[in-house]
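K.L.:
Below, each chain spelled out in residue letters.
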Amino acid sequence: MTAASPPEVLRAPLVVEFPFTRSLGPVQSAFLTGLRESVVLGVKTSDGRVVVPPVEYDPVTSEEIRDLVEVAATGTVTTWAWNDRPRPNQPLGTPFAWALVKLDGADTALLHALDAPGPDAVRTGMRVRVRWAAERTGAITDIACFEPYEDAPDAPAPAPGAGPAPHDGVFEDAVTGIVAEARLDYVYSPGRAQTAYINALSEQRTVGERCPSCHKVYVPPRGACPTCGVATTDQVEVGPAGTVTTFCIVNIKAKNLDIEVPYVYAHIALDGAGLALHGRIGGIPYDQVRMGLRVEPVWTEGGRYPDHYRPTGEPDADYDAYKELI
Amino acid sequence: MTGPRTSRYARDVAVVAFAQSDHLRRTDELSEVEMVMPVLHEVLAATGLKAGEIGFTCSGSSDYLAGRAFSFTMTLDGVGAWPPISESHVEMDGAWALYEAWVKIQTGEADTALVYSYGKSSPGSVRDVLTRQLDPYYLAPLWPDSVALAALQAQALIDAGETDEPALAAIAARSRADAGTNPHAQLRGAVPQGDYQVRPLRTGDCPPVGDGVAAVVLAAGDLARQLCERPAWITGIDHRIEAHGLGLRDLTDSPSTRTAAQHAGFFDAPVDTAELHAPFSSQEVVLRKALGLGDTVAVNPSGGALAANPMMAAGLIRIGEAAARIHRGASDRAVAHATSGPCLQQNLVAVLEGDRA
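Going down the list, the sequences are from chains A and U.
Quick note on our numbering: the first sequence kicks off at 5 and runs consecutively.
Quick note on our numbering: the second sequence kicks off at -16 and runs consecutively.
The shape of chain U in the complex, shown without the other chains (with noise of 0.2 angstroms):
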């Protein structure tokens, strides 16, 4: 058995785990606790590790989505951080948790992490909510909601000859079909585009709103091949940001994604799988674009974030998906990719690889 063909970094690391949530409109008899610590137990259980035995512990959540201070710190009960453990937590998607994570593997200060993120979009309304993350000077007094932001990108998209909406409602059609394997997914199967939510984007092109968890554990080396039949080892990992204002982009590319790409070398090799953090039908057509991909890769085959779009959670479930199917064989190298903030604007890309027979 060979290691990971195109490793760039001092340590091996691996996603040897991932669970998560069933994703649901509403979990009004659950706390956040009790929501996460179900996924906790379930990838923790998967490799046999108990929580005292994890390096480090890494989370994301927004206090914003269920408008709980100090969420996160509650949370934490579901891990058990006794006795004390190492621990961080970022107020964005676990993508970027699990960025952390990595760090500190590589550092040589942890050899495992557990890196969990969840969204509680229920109490309140996450369209709303959203334009609290918007420049406070110049958007947010103007309260442009996430599916007013997302339309305009996909105008732009129409305008420059893109795509149109037959080509936007194919995108919906197909995520929500491929979800009909996926036992977690919100939306499964044929759901109708329905009327315009912000034209031109229709409810179909909108990604269903909901509460969810995801969990995933990293490890280093030889501890990776112990704890998992088949690691899924990171061999690139980057993020990279574009400019607040969308009057400043470019909205029909996503030069970021295309740069934390080449830094991740993805673009080194092919690869049969990628999972896209595209929660509206237009931005998979932007992350196509950026990345390159062709017809030969399966794009979102979990059904993406138009099947399930836990926020703070649903960029970690694209690696977790991804790394899922090296894990059974199903893909030898995929790529992962999550987003954070209006129209594209951060994006992180992973990519991932099973050892060779």
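The following block holds chain A by itself, in its conformation from the complex (with noise of 0.2 angstroms):
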């Protein structure tokens, strides 16, 4: 036994994705369909007011709003700021301000990028207008970003007191729902009682940590006893042999998995841990695995952990021996 010290941290690389399909509600449907040929829709709220992104309900009385009606593609931003420095998957890869827009018959405002040449030609109170995805599916990224407006020589107006035309929201080939991409690059790093487990495999050695209070010996360990919520802390070296708890017989193969079934799955309790662990059986058809059964790890050239377990070849342990961790 050897009290732990601070090992060397380890890190690693972890990605983890979520395509979510979404489907969409009626509003949002006409909404999207609209982008995709270049159409701004908005719906109106009780008191008349026209929303815009469309919300399905309204945002005051939650009622279920259904009315449509077109806006334009041209408005005046309502707030700003100046990304010097765009993050990925932002819409545009240059500097560019993020704004809210109000559109042309709108009461409320869009998000989206505003392409300036820089935070001197961007106010509060500008004209843009939408510049057009050049491929357009359905979905908030048809607006490829904002562009300023007010140079144009044919920029007209917002005509005054004309409320916006009345939409039936209907497209041919509507779109139904979205596929919401999202990738998040994380670097993992598993804290000290891990990284002690980890860094022992490498040397083919199984090591946990003994409770304090109850001592119990977790493999592996995570640092904390989850019985006694202290800290684990003196390192245990177990095994490497151990005895099989419990057992199941494999008869699916795995996808991607090099394995013939049936196989052997067991948890095993190594010599000197207070539970156990699972693992392959190996080395011995897969029905005369039994528990009881005393087996050892076998190790591959470079691996990071056993490849499976064999028989050693003992007497099987005594029930009594292995019953408290079942």
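Keep in mind that the hints were calculated from the coordinates and are not lab data.
Please note that a few of the clues may not be correct.
[Claimed, not checked] Computed footprint of chain U on chain A; a stretch qualifies when at least three of its residues, placed anywhere within it, have a C-beta under 8 angstroms from a C-beta of chain U:
1) 81 to 92
2) 190 to 199
3) 254 to 260
4) 311 to 325
[As the list claims (entries may be wrong)] The calculated DSSO-like cross-link candidates involving lysine-lysine, where the alpha carbons are at most 27 angstroms apart (straight line), are:
5) Lys106(A) / Lys272(U)
6) Lys220(A) / Lys272(U)
7) Lys220(A) / Lys327(A)
8) Lys259(A) / Lys327(A)
Every value quoted in this text rests on a predicted model; they were computed, and no experiment measured them.
In this text, a Cβ means the ideal position worked out from N, Cα and C, and glycines have one as well.
Mind assembling these two chains? They're in different frames, but the hints should get you there.
P.N.:
Below, the structure is given as structure tokens:
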């Protein structure tokens, strides 16, 4: 037994991807399909305000709202923020302004990017228009961004008093769902206890940690005794041999796993450990594996953990010796 | 000794202990449970209670921060949840875990509660991670990061004449100066305002990114008096939410904070201390306006979220810091505020009071 000392911190890239498939309600479907057709739709609330981008329920009364109207692809910036260093996945790769834009005919503002030469070219109240994406699929990114519009000679002022025209929201081949792709990149660091465990495994040793209160030895250790709520501190080398406490016979071949079925997957209590870990049993016909079987790890060249466990040839362990570990 | 002056609930419930970790840019050598456990031990030791004597345990965290699924079940190892305990979790700031625990005590199902929360932002890029909490149809596909959204709010305030860049810099400077006496803070003393992150917000207007933990013990009635010399009674607590879409809101105001404050009885009597969860300097301007705070109130004497902003814990820390001031007699009536979502979308307000001599 040795006192735990802070090991070198391990790090590894961790990528989390979650491509959610989301269905659209009738208002969102009409709005996103409209963008595909270069039409911007809003929805009228109970008190006659036009909400763009449209929502399915009135933000104030929570009534279902379905009256669609077509608003202009031109509008006015209500607030903005200059983004000198665009981040991955943002609408533009060059410096741009984030802007909330109240489109002509709308009473609320839509968030998007505004392509402008620099912060001095942007101000609240400036006129902008939609720049449509070349390829449109029915998504908010069908608006590539906004662009300044005030210098355009053909820029018409918004017609005073004329409300936006009703729209039936009907398009051919309406978009009914989106796939929301997301990828987040992390650097995983497993902490003190698990780092020590992983480092020992690379030397083909299995190291657990003992709870100073209840004396149970956790393998693999996570740094805390979940029963006592205290830090496990004392490192304890366990195994290498152990006892099969329970097992199952796997008859379905896993995708991308090069192991012939049937095979046995077992809970194995390594000698000295306070709980069982799991591993595959090899070197014995699957129907001869039994509770109490004594096994030892088999390492492959360069393996970071045991490939499988095989019988040691010792007599089976007494049930009483492992019954608390099942 | 008299009870809390403005109690309005079935049971008198108080914060009787508060503990927090040092808030650090990185904690690579610690797993989440290794980070949380010392703070749990510290807060329990302050009351003399053992984990098994706590009536209800509630935590707040988010798996997205460190990218670890069901991480809260792992950190529960630090509590010692055997024999089985009554436990719950919110995927929110710990201030909302405290709210759930407070409700549990109000129902009479528990007399004490352990509330803790933690955030380990260092493994990921928190500005990008937070885009995943946005509306998935209209906002998330654009990946507008948390600083960009706060910058839109700051520009709206500047356009409305509510603040300007020097005033924002002064808020940042005051916060880091006040944090000089807070040994747990991540940023202390003079910190340069730096360059624009997203204009008009400069580095100094933004909170530090870091890892940290906070924990609180709640207790009801006479038990609170036994566990703490001067309990911080929660005489009012409420939380309200606004529309998610930024274009649907007046970004220069926070009506949800004001409504929560009304329901918490905040306006019934003056406070001497306000711990406001304003991660960006510009958001302090909005919250001061919503609560009508004058110059006589000490705002964020701990340094606030501009000095340490561990995600999911920074709101609970505001309640803890306000309570700790009452515990040590530095405050008689304090308001604590927590926020969640883009540009102060959701807000919780708690009023804390000490017994009067």
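K.L.:
Evaluate each hint against the coordinates.
P.N.:
Evaluation of the provided hints:
no. : hint                  : verdict
1   : 81 to 92              : holds (count 9)
2   : 190 to 199            : holds (count 10)
3   : 254 to 260            : violated (count 0)
4   : 311 to 325            : violated (count 0)
5   : Lys106(A) / Lys272(U) : holds (25 angstroms)
6   : Lys220(A) / Lys272(U) : violated (56 angstroms)
7   : Lys220(A) / Lys327(A) : holds (15 angstroms)
8   : Lys259(A) / Lys327(A) : violated (34 angstroms)
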